[in-house]
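Chemist: Residue-level listing of the chains:
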Amino acid sequence: MENAINQIITNYGGRPDRLMDMLIAIQEQFGYISRGAILTLSNELGLSQVDVEQTISFYHFLSTKPRGKYAIYLNNSVVAYMFGRQAIKEAFEKETGITFGQVTPDGLIGLFDTACIGMNDQEPAAIINNKVFTRLTPYRVKEIVQYMRKGLSLDELVNESYGDGKNQHPFLKAMVSSNIRRKGMVLSDQYTMGKVIKEILPKMSPEGVIAEIKHSHIRGRGGAGFPTGFKWEFCRRAKGQKHYVVCNADEGEPGTFKDRVILTEKPELVFEGMAVAGYAIGGDEGILYLRYEYRYMKDYLEWVLQNMREQNLLGENIGGIEGFNFDIRIQFGAGAYVCGEESALLESLEGKRGEPRDKPPFPVEKGYLGQPTIINNVETFATAVRIIENGGEWFTQFGTEDSTGTKILSISGDCMFPGVYEVNWGFNVEDMLNMVGAYDVQAVQVGGPSGTLIAPNEFHRTLGYSDLSTGGSMIIFNKQRNLLKDVVLNFMEFFIDESCGSCSTCRNMPQVLRNKLLKILKGKGVRKDLDDLQAWAKVLQPSRCGLGQTAANPIVSSLKNFRHLYENLLQKDLDFDEGFDLVAAVQDSCNYVGRVPKFHH
Amino acid sequence: MANLIKFKIDGVECMAEAGTYIVEAARQNGIFIPTLCNMAGLIPKGACRVCTVRINGRFMTSCTTPVTDGMEIESNSPEILDLRKSIVELLFVSGNHFCPACEKSGNCELQALGYLFQMMVPRFPYEFPKKEVDASSPKIIKDQNRCILCKRCIKSIKDEQGRSFFAFRNRGNHLEVVLDKEMGMKMTDELAEKAMRNCPVGSILVKEKGFAMPIGSRKFDKKPIGSEVQV
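Chains as they are written, first to last, in my numbering: chain A, 6 to 606; chain X, 67 to 297.
No wet-lab data here; the hints were simulated from the structure. As the structure is a computational prediction, the values presented were derived from the model and not from experiment. Be aware that a few hints might be false.
With a straight-line Cα cutoff of 30 Å, these simulated DSSO-like cross-link-like pairs (lysine-lysine) come out [what the hints assert, rightly or not]:
hint: 1; chain 1: A; residue 1: K357; chain 2: X; residue 2: K247
hint: 2; chain 1: A; residue 1: K527; chain 2: X; residue 2: K196
hint: 3; chain 1: A; residue 1: K565; chain 2: X; residue 2: K151
hint: 4; chain 1: A; residue 1: K524; chain 2: X; residue 2: K197
hint: 5; chain 1: X; residue 1: K273; chain 2: X; residue 2: K285
Generate the whole structure from the sequences, applying the supplied hints.
Modeler: What follows is the structure in structure tokens.
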């Protein structure tokens, strides 16, 4: 085994900043990262063993204990539950005889919960050894486990047909469906690969490219909405030995899956966008940081990259432009929502725990390996190509004045046609609900758990950076759903699981709020609890990154827009309680001495 | 001093060299901003958030943000002071901090901040989490009950090759700072002492040295924290 570990270390040049790649390779080859592997890594990389372990223990898909020959990761997002996740979970437990978090005694099957895997439009879904299984039913679970017991290969576990579009590609062969239901400029069939690089870039200077992007007023599609042109300009001006282009494909916001679809159906568009960005900022290296949940796309995307190299769209003197060298490699995350935050992503790219960095300095000045770096969302790069192709002026005719262009929405939950819809910014929520066939709607979660939960009286509002800002996640809840118990609580658990833990606020406060919510859900709440929730949520605001700053949003926005749901659960005529259950507190000792708790108030 | 710039803290005119972190620049101007994870000589990380100030409407940590010319910093407003107090209270309820029984009492920065903010009882419910004590090293005890995850030991306690004795494990509210088993066996007396000194609380203790200095004559027993900067 030591030879295999050494080979893996050599494959990544023995560089500590490629530790993540090494760990993933070891995890995949052996099913876990053993003590011996940690020792070899620490010796070869000059790190202490705890230092290696701190990276392993940060990521959900890395483990120091065997995860089973078949490691089953079942999505636990809110929409998974809405579409029968509980029955799937129970079926897996019944068929395997173990509970989630365990591995069968023979080491064959491991069951694990995992946060949103980007399949909300085809839940319940699970990842088994990097292969995605969608639309699971208890019968399929039984069958899959039987197949595993028979020792069938991963491909043989599949008896579904492949999904639509490129999911049928020989290098993809996924049962995932793309579900593109509305096309705009990005998802359009009008795109011709390489046209921008070969026909347009040769006539433009890098400054010209930046000017055109600035003129389009495009803002980042990941959610934060920073003006892309300025980001590229700042990076171009920053001094460094090397400038990097990083594509953020970590889409971890529950309910988002549009980057999955873009990368499946239009990967060339994204890669061409990265090359355009490389030309603009003067960088020759691009990295696609892809979430591990999308590992099943690896061979396909590598094939696309190779194809582009062969057509002189990547590599040296691209598109015939003397000195324009640019290539792209793919690096994977390993299961951490916070790595979607750009500076946490950089830490992860450098082989470390995904803890966000303090800003300033910003990545455009000091990014990957301390060098000027732009980090943009998948959709931003894809859109940039269309802007350069048609001009910034052309782009501004779509959308609104402060939110130009289109937005690709990932729509899921209670609707007839979940999937991906590309709309112009300025679209309103009511039209959106009518577009997807959503009826009897109680609420819409705009922008995922870190966004806002809105009620019907706000469905006239429009999507855009100055009104309802969104990275694209739209989850619809009908009137049968229990918003507090099934939605808000699930979102709070998500933030608790996904906090990096670095800031004292985000490490501790979501749990305090969740416990308070549980108290209210148990019917033990009093009026003061609602005031506390509101006041205590503010303690999260000074957290370092967006995760911490928004971790109370599920509670804050539901408290604002669905206050009656909380009030209905409160104990009547009680404004205050001691917040302490005396009977419960002495129960253990009473049991021990055989007494019944009795108090005189 | 090259390149002196002017800035304001709560309306008070201050001066410092450009690029100085706010917390240090404030100190040079006789203004105390409380900190926990910050430590002179170490790269700051802004982990505890206790030094939060407000600049242009945004919360920033003063240990990681350099002063710039004309910067206006809000530090001792009632809102910010209550925020800092909340964070200290949050640290108290999320660990098991029983000051009267703690070897570090009087030398503990968390306890000192509790007094500074006149914390009577935390507003948040105690969580009483179950935590481990690691006494496997011959030199030190690592008590997770008291750890506030400030990273000071991780950043400052290293061997000659630059390898860390301490590191994080897990994430979120399962996060802890652990000692490397193998390196912990070979820790020198000097490093053990340094680790205890650098720990702002009583999470790292040198064995049999916890009460070397009697309670009553310790750093914060006589004067409150920050009094060396601001009266």
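Chemist: Now, for every hint given, state plainly whether the structure supports it.
Modeler: Here's how the hints hold up against the structure:
Only pairs whose Cα atoms come within 30 Å are accepted, and K357(A) paired with K247(X) is accepted, the gap being roughly 21 Å. Using a Cα cut-off of 30 Å, the hinted pair K527(A) and K196(X) holds, with the two alpha carbons roughly 24 Å apart. Restraint check: the Cα-Cα separation between K565(A) and K151(X) comes to about 26 Å, which is no more than 30 Å; the hinted pair holds. For the suggested pair K524(A) and K197(X), the alpha carbons sit about 24 Å apart, so the restraint of at most 30 Å is met.
Between the alpha carbons of K273(X) and K285(X) the distance comes to roughly 20 Å, so the proposed pair stays at or under 30 Å and holds.
Checked against the numbered hints given earlier, the structure satisfies every one of them.
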